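Protein chains: 2
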Amino acid sequence: MPDRFANTPEPPYYAVIFTNQHSGEDGAAYGRMAEKMVELAATMPGFLGVETTRDADGLGITVSYWESEESIANWKANSEHQFAQEKGKSNWYDHYELRVAKVERAYSGPEGR
Amino acid sequence: MPDRFANTPEPPYYAVIFTNQHSGEDGAAYGRMAEKMVELAATMPGFLGVETTRDADGLGITVSYWESEESIANWKANSEHQFAQEKGKSNWYDHYELRVAKVERAYSGPEGR
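Quick note, the sequences are listed as chains A and B, same order.
So that you can map any letter, position 105 of the first sequence is 227 in my numbering, and since no number is skipped, the others follow by simple counting.
So that you can map any letter, position 75 of the second sequence is 197 in my numbering, and since no number is skipped, the others follow by simple counting.
Keep in mind that the hints were calculated from the coordinates and are not lab data.
A quick note: this is a predicted structure, and the numbers were derived from the prediction, not measured.
Any given hint might turn out to be false.
One copy or two, it doesn't matter: identical chains are merged, so the pair holds either way.
Computed list of lysine to any residue pairs in SDA-like fashion (alpha-carbon distance at most 25 angstroms, straight line) [unchecked claim]:
1. LYS158 - PRO232
2. LYS158 - GLY168
3. LYS198 - GLY180
4. LYS158 - SER230
5. LYS198 - THR130
6. LYS224 - PHE140
7. LYS198 - PHE127
8. LYS158 - TYR229
9. LYS198 - SER230
10. LYS224 - PRO134
11. LYS198 - PRO131
12. LYS224 - SER193
13. LYS158 - GLY231
14. LYS224 - GLY182
15. LYS198 - GLY231
16. LYS198 - PRO232
17. LYS198 - TYR229
18. LYS224 - VAL160
19. LYS158 - GLU147
The shape of chain A in the complex, shown without the other chains:
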C-alpha cells in the first residue's frame, strides 16, 4: 500500500472527514501546524491513520481514522489540537465541514495488479 493511504483494519472503525477551504493566509505557518497535528495524532490512543490532500485552489480533504468514538473525543480534548482548531476558526479556513462517521465496509483496489 502506498504510504499516503491509511492501512486501516477490518471495519467497523471511525472516520473524521474534514473538508476545508484554506484562506490562503499564512501558508507556511499553516503547513507547520498541519504537520505537527498529524504527528501528534499518530501518538494518540486509537489512531489508525490519515489520508490528506489539497488542490491548487486550496480545497483540502483530510480523513483521519480512529478505533472508537472515545479515541476521537480524546484527540479533540487534546490541548494542541484545540489550539489548532481555534487558530483555524480565526484565520486559516474560509469554510469547513467536519463529519464523524462509522466505517461499515471497505474495499481496496485495483484488483489483479
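Since the structure of chain A is already known, use the hints to place chain B on it.
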C-alpha cells in the same frame, strides 16, 4: 456555503470515501469521465452531494454523500458507474481505498464569521 462543499442535511446519512492515487495515464479522458460520473450521480435518487479534491502528485479524495445504503447500492449498480469502475481498475488508479460510512455527527465552521 461555498459551492465545492456538499450541503448535507442533519445526520444520519451515508458517506462513500474514495481515496485514490491517479496513475497519470490518460489525464484528459479521466477528467471527462470524472465529470460525467459526478453529473450522473447528481441524478441518482438519494444523492446528497459530493466533495472532491486532488493534489499535484495525483492523490485524490472524493467523498459522496447519500441518504441510505440503498441509494449507494443503486448508484453502484448503475451501468455507467460500473464502466468507470472497470476502467479505473485497468488504467487510471495505481491504488485506491473505498470506504462506506454512516455519518453520525456534523459541524460547520468557522463560527462567528
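Verification of the hints:
Proximity of LYS158 to PRO232 under the C-alpha cut-off of 25 angstroms is restricted to the inter-copy arrangement: shortest distance 21 angstroms between copies versus 32 angstroms within a copy. When the C-alpha separation of LYS158 and GLY168 is checked against a cutoff of 25 angstroms, the pair qualifies only within one copy, where the shortest distance is 18 angstroms, while the shortest distance between copies is 38 angstroms. With identical chains, the CA atoms of LYS198 and GLY180 are at most 25 angstroms apart within one copy only, with a shortest distance of 24 angstroms there and 30 angstroms across copies. In this assembly of identical chains, LYS158 and SER230 lie within 25 angstroms of each other by CA distance solely across copies; the values are 23 angstroms between and 28 angstroms within a copy.
Taking CA atoms no more than 25 angstroms apart as the test, LYS198 paired with THR130 passes in both settings, with 20 angstroms inside one copy and 23 angstroms between copies. Taking the closest pair of Cα atoms, LYS224 and PHE140 come within 25 angstroms of each other both inside a single copy (14 angstroms) and across two copies (15 angstroms). Taking the closest pair of Cα atoms, LYS198 and PHE127 come within 25 angstroms of each other both inside a single copy (22 angstroms) and across two copies (23 angstroms). For the homomeric pair LYS158 and TYR229, the shortest alpha-carbon distance between copies (23 angstroms) is at most 25 angstroms, but the shortest distance inside one copy (29 angstroms) is not.
In the homo-oligomer, the alpha carbons of LYS198 and SER230 lie at most 25 angstroms apart only across protomers (16 angstroms), although the nearest pairing inside one protomer, at 29 angstroms, exceeds that limit. In the homo-oligomer, the alpha carbons of LYS224 and PRO134 lie at most 25 angstroms apart both inside one protomer (7 angstroms) and across protomers (11 angstroms), since each shortest distance falls under that limit. With identical chains, the CA atoms of LYS198 and PRO131 are at most 25 angstroms apart both within one copy (22 angstroms) and between copies (23 angstroms). Taking the shortest Cα distances, LYS224 and SER193 sit within 25 angstroms of each other both inside one copy (13 angstroms) and across copies (18 angstroms).
In this assembly of identical chains, the alpha carbons of LYS158 and GLY231 lie at most 25 angstroms apart only when taken from different copies (21 angstroms versus 30 angstroms within one copy). In this assembly of identical chains, the alpha carbons of LYS224 and GLY182 lie at most 25 angstroms apart whether taken from the same copy (21 angstroms) or from different copies (21 angstroms). Taking the closest pair of Cα atoms, LYS198 and GLY231 come within 25 angstroms of each other only across two copies (15 angstroms); inside a single copy the shortest separation is 32 angstroms, beyond that limit. Taking the closest pair of Cα atoms, LYS198 and PRO232 come within 25 angstroms of each other only across two copies (16 angstroms); inside a single copy the shortest separation is 34 angstroms, beyond that limit.
Taking the closest pair of Cα atoms, LYS198 and TYR229 come within 25 angstroms of each other only across two copies (13 angstroms); inside a single copy the shortest separation is 28 angstroms, beyond that limit. For the homomeric pair LYS224 and VAL160, the shortest alpha-carbon distances inside one copy (21 angstroms) and between copies (24 angstroms) are both at most 25 angstroms. For the homomeric pair LYS158 and GLU147, the shortest alpha-carbon distance inside one copy (18 angstroms) is at most 25 angstroms, but the shortest distance between copies (34 angstroms) is not.
Checked against the numbered hints listed earlier, the structure breaks none of them; every hint is satisfied.
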